[in-house]
Amino acid sequence: EVKLVESGGGLVQPGRSLKLSCAASGFSFNDYWMGWVRQAPGKGLEWIGEINQDSSAIKYSPSLKDKFTISRDNAQNTLYLQMSKLGSEDTAIYYCVREELGVDYWGQGVMVTVSS
Amino acid sequence: DNVLPQSPTTMAASPGEKVTITCHASSSGIYMNWHQQKSGTSPKLWIYDTSKLASGVPDRFSGSGSGTSYFLTINTMETEDAATYYCQQCCGTPPITFGSGTKLEIK
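If you read the sequences in order, they're chains Z and F. Count along the first sequence from 1, add 198, and you get the number used in the working numbering. Count along the second sequence from 1, add 1, and you get the number used in the working numbering.
No lab work stands behind these hints: they were computed from the structure.
When the alpha-carbon atoms are kept at most 27 angstroms apart in a straight line, the in silico BS3-like pairs for lysine-lysine are as follows:
1) F:LYS45 x Z:LYS201
2) Z:LYS241 x F:LYS108
3) Z:LYS201 x Z:LYS217
4) F:LYS104 x Z:LYS241
5) F:LYS53 x Z:LYS201
6) F:LYS45 x Z:LYS241
Simulated restraints on C-beta separations:
7) F:LYS39 x Z:PHE225: 18 to 28 angstroms
8) Z:SER254 x F:ALA13: 46 to 56 angstroms
9) F:LYS39 x Z:GLY206: 20 to 30 angstroms
10) Z:SER223 x F:LYS39: 21 to 31 angstroms
11) Z:GLN274 x F:GLY93: 25 to 35 angstroms
12) Z:LYS283 x F:LYS108: 42 to 52 angstroms
13) F:THR51 x Z:LYS283: 36 to 46 angstroms
14) F:LYS108 x Z:ALA273: 48 to 58 angstroms
15) F:THR80 x Z:ALA273: 38 to 48 angstroms
16) Z:SER215 x F:GLU79: 39 to 49 angstroms
17) F:TYR32 x Z:LYS263: 19 to 29 angstroms
18) F:TYR32 x Z:PRO260: 18 to 28 angstroms
C-beta: ideal position from N, C-alpha, C; glycine also.
Okay, chain F solo, but in the shape it has when bound (with noise of 0.2 angstroms):
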């Protein structure tokens, strides 16, 4: 199955500390999208194109990354940033890859 490698798996921080989610892409995508899911509900664009804030999100949210590895980054955790991430790959093949995703909890 296509599936990005995200790492770590799990984490958890603790307010303030700063927070770096990893995804291996594949070469054959072109945009780079994060999505947030919060349990019990569907998920949300939170990043999209490498380095845009979807509506709303708060700008301690950052996204960088070129080639095969991308970043989403929270300056300064808080409580309400617990949640599960994925990154998502557009327009390689197939036209959609999601990440195996990233639990983020509050330590």
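Pulled out of the complex, with its shape left as it was, chain Z reads as follows (with noise of 0.2 angstroms):
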């Protein structure tokens, strides 16, 4: 059974940094290209950026490429997002996601909460 579970959310300050991660089993990892989708309260589905196998490419939506970091270690079976200089309008539940010809597997998401 493919699970991915995120962890390291929170209540994180406006300007602050985070990084969250995904833990994957039940499939092999290193053949899969991975990313991750956020989800603001009440909105719909935002697609952050993707990674392949060997960390070799990484793409980023356009409009948020400076703000996110996407990174993998594949002996640990964990995909990576570094968020930077967080604002109010991050705030949002982040969803791990396998990616086969689009999303295939999400994870349960993780809620980052931007706030004084």
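Hints in hand, dock the two standalone chains.
See below:
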């Protein structure tokens, strides 16, 4: 069974940074592109970016690329999302996703709240 | 922002009614998927590669379309189908783009 479990969310002050993790299991992690999607409260889904199997290709949404850095550790079956200079507009549920011709599996999501 | 327009934004259907949701895609994408999201839960892949049903999806659902217009159809609406549905295009520029979402309620 494919499992994606995010962690590292919580309350963070505006302007600070935060790093999310996603522990993957139930599939061969280093065979897949992985990505992050977020959803602000009451809003739709927003793709953040993706990373290929050996981290040689990382792509971001054009509107978000200066705020986020995606990385992965294949030895630990873990995906990361480094977020910087957070603002209230970044308050959202952040989902780790597996990608196979689009998103095929979702994590349960982790809430990030940016507030003073 | 890259968001694919979906129509309608919200709708209500009676049990047994036929439902069609439209996604207006970008010409740069290749694959079209649909995701179902129920309140308070993470989305699930529902339909992939335009018309293939994900595992466990009832066969009253179908997907179709080509070019810049794609459709999710429910042949006979059931209570459990109430959810928000998002289309999602792959492999264009940017690589993944989501639709604006359609909230489907039971009447």
